[in-house]
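> From just these sequences and the hints, can you work out the full model?
Following the working numbering, the numbering of the sequence shown begins with 1 at its first residue and continues without gaps.
Derived from the structure by calculation, the hints contain no laboratory data. The structure displayed is predicted, hence computed values, not measured ones. Hints are not guaranteed to be accurate.
[What the hints assert, rightly or not] Derived lysine-lysine pairs resembling DSSO-like cross-links, with alpha carbons at most 27 Å apart:
no. : residue 1 : residue 2
1   : 121       : 211
2   : 268       : 43
3   : 116       : 163
4   : 257       : 116
5   : 43        : 116
6   : 257       : 163
7   : 268       : 50
8   : 121       : 163
9   : 211       : 50
10  : 116       : 268
11  : 257       : 121
12  : 48        : 268
[Stated by the list, open to error] What follows is a list of derived Cβ distance ranges for each label pair:
no. : residue 1 : residue 2 : range
13  : 90        : 27        : 34 to 42 Å
14  : 50        : 27        : 24 to 32 Å
15  : 241       : 51        : 17 to 25 Å
16  : 240       : 289       : 14 to 22 Å
17  : 152       : 25        : 24 to 32 Å
18  : 33        : 187       : 17 to 25 Å
19  : 117       : 96        : 19 to 27 Å
20  : 67        : 281       : 36 to 44 Å
21  : 241       : 117       : 36 to 44 Å
22  : 286       : 50        : 15 to 23 Å
23  : 51        : 25        : 19 to 27 Å
24  : 245       : 25        : 40 to 48 Å
25  : 91        : 152       : 41 to 49 Å
26  : 69        : 233       : 35 to 43 Å
Here a beta-carbon is modelled for each residue, glycine too, at the ideal position from N, C-alpha and C.
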Amino acid sequence: MFSFAAINYREILTGDGGPIERISSGTLDVLGRQENQATAFLKPGLIKGKPALSVYGNGDGTGSHRSAQVARHMAISEALERWAYFETSRGAEADNFGFDLDHSTNGMAAFPGLFKAQARKRAYHEALERWALISWWSGHMRATMVGEAMLGVTALRLEHSAKIGEVAVLFRRSAAGHVSYGYSAGSTFNTAVARAAVELARNEFVVGYYKLRSAAREVPNCFERRCLYFAGEAGHAEFLRRVFDRRPRREAEWAVKFDGEIAGPWSKYATVWRVVSAMPSREYLDPNSSFFFW
1 MFSFAAINYR
11 EILTGDGGPI
21 ERISSGTLDV
31 LGRQENQATA
41 FLKPGLIKGK
51 PALSVYGNGD
61 GTGSHRSAQV
71 ARHMAISEAL
81 ERWAYFETSR
91 GAEADNFGFD
101 LDHSTNGMAA
111 FPGLFKAQAR
121 KRAYHEALER
131 WALISWWSGH
141 MRATMVGEAM
151 LGVTALRLEH
161 SAKIGEVAVL
171 FRRSAAGHVS
181 YGYSAGSTFN
191 TAVARAAVEL
201 ARNEFVVGYY
211 KLRSAAREVP
221 NCFERRCLYF
231 AGEAGHAEFL
241 RRVFDRRPRR
251 EAEWAVKFDG
261 EIAGPWSKYA
271 TVWRVVSAMP
281 SREYLDPNSS
291 FFFW
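Have a look at this one:
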């Protein structure tokens with residue numbers, strides 16, 4: 001996809017009047033390959049009532065890429081998406097963008113392209129990923145192992161019939177002993193696996209770092225509690241039971257309920273698009289459920 005990030009994001013920092021306070025940089029080991037990682041932080045006060053996180057940290061957007069500049073652009077785009085989410089989902093017109101059906105960031109994507117279709121494609125893959133994952137865990141879909149494990153990583157393909165892309169789930173046991181996961185969607189299975197590998201690497205790092213520095217700290221965020229649960233033995237055993245469950249399924253139907261742009265002050269920098277699909281279950285939103293979703 002051709003990006004206008006170099007132009008659109010040139011005045012994105014608060015010193016230039018933009019919404020991004022700062023961007024931190026580092027590296028991430030993605031299955032033996034070093035990638036640049038960037039984290040973008042929105043200026044204080046732009047998001048009111050943002051929940052504090054204990055495991056993944058409080059950055060507003062993260063990007064990983066071989067190119068340091070592209071990683072920064074990806075982090076900025078995700079931060080703009082989060083800005084659009086917090087402001088729109090709590091506004092008077094929230095229902096117009098499908099937040100009455102799904103009050104989360106599911107199906108949202110931001111992209112600084114010439115054509116809005118670029119952001120829309122990314123939003124479709126984001127919606128597909130979440131719909132397939134929720135459908136599988138709630139018993140409406142099967143998962144199949146693809147190929148032999150490489151570098152200790154097992155790849156699953158979620159067997160959906162949406163015909164708009166592929167969804168991969170990766171997992172492996174880390175050197176620190178916990179189990180790490182990554183899931184993503186893409187136009188092809190290989191693309192989905194590549195994206196899921198980045199998510200697995202992030203999950204492996206943040207969970208390992210959290211356990212190293214604060215094993216006894218209470219985690220208030222329900223999605224982070226799930227992340228830690230599935231990293232442990234009981235959670236991974238539950239995950240594997242679902243992987244090997246081959247009982248007949250009543251497949252969930254892919255049905256789009258909202259497909260449109262979310263316009264706002266962020267539109268000066270990037271197009272934010274959202275696609276909302278009908279979910280077969282709302283259990284993933286239950287803070288007391290050990291649902292494989294975070």
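> Falls inside 34 to 42 Å, the C-beta gap from residue 90 to residue 27?
35 Å Cβ-Cβ, so the 34 to 42 Å window holds.
> Within 27 Å, alpha carbon to alpha carbon, are residue 268 and residue 50?
holds (23 Å)
> Are the Cα atoms of residue 257 and residue 116 separated by 27 Å or less?
Roughly 19 Å between the alpha carbons, so the hint for residue 257 and residue 116 holds.
> Should the hint that residue 91 and residue 152 are 41 to 49 Å apart at their CB atoms be regarded as holding?
holds (45 Å)
> Just to be sure I understand the hint, the distance between the Cβ atoms of residue 33 and residue 187 should be within 17 to 25 Å; is that true here?
Holds: the Cβ-Cβ distance is about 21 Å, inside 17 to 25 Å.
> Assess, step by step, whether the Cα of residue 121 is no farther than 27 Å from the Cα of residue 211, and give holds or violated.
It is violated: about 36 Å lies between the C-alpha atoms, which goes past 27 Å.
> Holds or violated: residue 257 and residue 163, Cα atoms, limit 27 Å.
Since the Cα atoms of residue 257 and residue 163 sit roughly 17 Å apart, the hinted pair holds (cutoff 27 Å).
> Taking the beta carbons of residue 241 and residue 117, is their distance inside 36 to 44 Å?
holds (40 Å)
> Between residue 51 and residue 25, does the C-beta distance stay in 19 to 27 Å?
For residue 25 against residue 51, whose Cβ atoms are near 25 Å apart, the range 19 to 27 Å holds.
> Could you check the hint for me, namely that residue 241 and residue 51 are 17 to 25 Å apart, CB to CB?
Check failed, 30 Å falls outside 17 to 25 Å.
> Run the distance test for residue 121 versus residue 163: straight-line Cα separation, threshold 27 Å.
holds (14 Å)
> Tell me if the beta carbons of residue 286 and residue 50 are separated by a distance inside 15 to 23 Å.
holds (21 Å)
Of the numbered hints stated above, those contradicted by the structure are hints 1 and 15, listed in ascending order.
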